[in-house]
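**Student:** Sequence:
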Amino acid sequence: MSVSTEDYNSVKGLPADLTASVIRDRLVEALDKADHYVRSAPADIVGLLAVDVNGRPAQISSLNESGVQFRKATSERELMPSLPDVPEEWRGIGHVE
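Residues 256 to 352 in this note's numbering are what the sequence shown lists, from first letter to last.
Keep in mind that the hints were calculated from the coordinates and are not lab data. You may find that some hints are simply not true.
Stated by the list, open to error - Distance windows between CB atoms, simulated:
#1 Arg326 / Val283: 25 to 35 Å
#2 Gly310 / Ala289: 15 to 25 Å
#3 Lys288 / Asp340: 41 to 51 Å
#4 Tyr292 / Arg326: 14 to 24 Å
#5 Leu286 / Asn264: 45 to 55 Å
#6 Gln324 / Ile278: 31 to 41 Å
#7 Asp307 / Glu261: 38 to 48 Å
#8 Lys288 / Val258: 15 to 25 Å
#9 Ala289 / Val266: 25 to 35 Å
#10 Glu284 / Gly310: 23 to 33 Å
#11 Gln324 / Lys288: 16 to 26 Å
#12 Lys288 / Phe325: 21 to 31 Å
#13 Lys288 / Ser321: 19 to 29 Å
#14 Ser257 / Pro312: 20 to 30 Å
Where is the CB? At the ideal position from N, CA and C, for every residue including glycine.
Using the sequences and the accompanying hints, generate a full structural model.
**Tutor:** This is how it looks when you write it as structure tokens:
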């Protein structure tokens, strides 16, 4: 949504009916639908991440979905990946907030 119409129009080979405003409208519509989905999710599934057998996030509508595993959110701090010789205090290990 941050690409100017002029920059978009300078790209060659795009379908004539796929204008920057059409893409923006479709994106806004998709974001609105996603927002509606998140806000209408049942309370018993909020805070769970549903993943398929390959570990990819999956959309669900109940806790009885087949072929789905549920992962709970954790309170563990996320650590940035780093090389082994980087001091622990730089990575946040053992740091209490």
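**Student:** Each hint needs a verdict: does it hold in this structure or not?
**Tutor:** Checked hints:
1. Arg326 / Val283: 25 to 35 Å: holds, 30 Å
2. Gly310 / Ala289: 15 to 25 Å: holds, 21 Å
3. Lys288 / Asp340: 41 to 51 Å: Hint holds: Cβ distance 47 Å, inside 41 to 51 Å.
4. Tyr292 / Arg326: 14 to 24 Å: holds, 19 Å
5. Leu286 / Asn264: 45 to 55 Å: 23 Å Cβ-Cβ, so the 45 to 55 Å window is violated.
6. Gln324 / Ile278: 31 to 41 Å: Given about 35 Å between the Cβ atoms, the range holds.
7. Asp307 / Glu261: 38 to 48 Å: holds, 41 Å
8. Lys288 / Val258: 15 to 25 Å: holds, 22 Å
9. Ala289 / Val266: 25 to 35 Å: Given a distance of about 26 Å, which is inside 25 to 35 Å, the answer is holds.
10. Glu284 / Gly310: 23 to 33 Å: holds, 29 Å
11. Gln324 / Lys288: 16 to 26 Å: holds, 25 Å
12. Lys288 / Phe325: 21 to 31 Å: holds, 23 Å
13. Lys288 / Ser321: 19 to 29 Å: The hint (19 to 29 Å, Cβ to Cβ) holds, given that Lys288 and Ser321 are roughly 24 Å apart.
14. Ser257 / Pro312: 20 to 30 Å: holds, 25 Å
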